[in-house]
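Q: Here is what each chain is made of, one letter per residue.
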Amino acid sequence: DAGITQSPRHKVTETGTPVTLRCHQTENHRYMYWYRQDPGHGLRLIHYSYGVKDTDKGEVSDGYSVSRSKTEDFLLTLESATSSQTSVYFCAISESGRGNSYEQYFGPGTRLTVT
Amino acid sequence: QKEVEQDPGPLSVPEGAIVSLNCTYSNSAFQYFMWYRQYSRKGPELLMYTYSSGNKEDGRFTAQVDKSSKYISLFIRDSQPSDSATYLCAMRTPTDSWGKLQFGAGTQVVVTP
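Protein chains in written order, with my numbering: chain A, 1 to 115; chain B, 116 to 228.
Only chain A is shown next, with the shape it has when bound in the complex:
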């Protein structure tokens, strides 16, 4: 998985609790992304980062926040987990977001269940 790890790989949590997912890369890529994948919806972008401390919202960012204090780490926080946030979360990295550079490498995913 292209030097990307995600932790935890599985988590069950209760409604209303905060949850933090971690993405760690060893590729020194500038761009990092958080997606969620749900049946019938494919992959939807939650937040992305284009550098240390530089982040922005994707299409489904409500209820999520992110932080990137180091190039290699990108954290996704569910501030108060809800059952609608039960999903599989994927982190992805990309060397560049411009021009012909197209490839995003995906991590193994985190399966989150909110009860």
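Wrong hints could be hidden among the right ones.
Said to hold, decoys possible - Calculated cross-link-like contacts (lysine-lysine; reagent style DSS-like; alpha-carbon spacing at most 30 Å):
#: 1; chain 1: B; residue 1: K215; chain 2: B; residue 2: K157
#: 2; chain 1: B; residue 1: K215; chain 2: A; residue 2: K11
#: 3; chain 1: A; residue 1: K53; chain 2: B; residue 2: K157
#: 4; chain 1: B; residue 1: K117; chain 2: A; residue 2: K57
#: 5; chain 1: A; residue 1: K70; chain 2: B; residue 2: K215
#: 6; chain 1: B; residue 1: K215; chain 2: A; residue 2: K53
#: 7; chain 1: B; residue 1: K171; chain 2: B; residue 2: K215
Said to hold, decoys possible - To give an idea of the interface, some chain B residues facing chain A are shown, with a C-beta separation under 7 Å as derived from the structure:
#: 8; residue: L161
#: 9; residue: W213
#: 10; residue: F218
#: 11; residue: G221
To be verified - Looking from chain A toward chain B, a few residues come up when the C-beta cut is under 10 Å (computed):
#: 12; residue: I4
#: 13; residue: P8
#: 14; residue: G16
#: 15; residue: P39
#: 16; residue: Y48
#: 17; residue: E59
#: 18; residue: D62
#: 19; residue: Y64
#: 20; residue: F106
#: 21; residue: P108
The set of hints was computed from the structure by calculation and includes no laboratory data. Please read all numbers here as calculations on a predicted model, not as lab measurements. From the three backbone atoms N, C-alpha and C, an ideal C-beta is built for every residue, glycine too.
Given chain A, work out where chain B should sit, using these hints.
A: Showing chain B alone in chain A's frame:
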């Protein structure tokens, strides 16, 4: 309406058959087109990439883009049970500076021995 439409399947074919997958899209600004393969409980991996219109072949895989019809296809020849996976199309515009990809929902393919 979604920007990218993809039939979810499942698409079941016998081993050795040709698998035909496709996506339609509505945004004429899309210029980069990709196909990802995702095995069960794994992350997606890039399979094929095409810029603008035309065909691209890589081994048993052929990707086609028809921009006039806003339609892209992926063909898998001589399909194998190891091709059983979900295939996602993805696309982007040249002006998105941070690499935003728009994904289809994915088509599940089952190749039976």
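Q: Would you list, in rising numerical order, the hints stated earlier that this structure does not obey?
A: Violated hints: 13, 14, 18, 19; rest satisfied.
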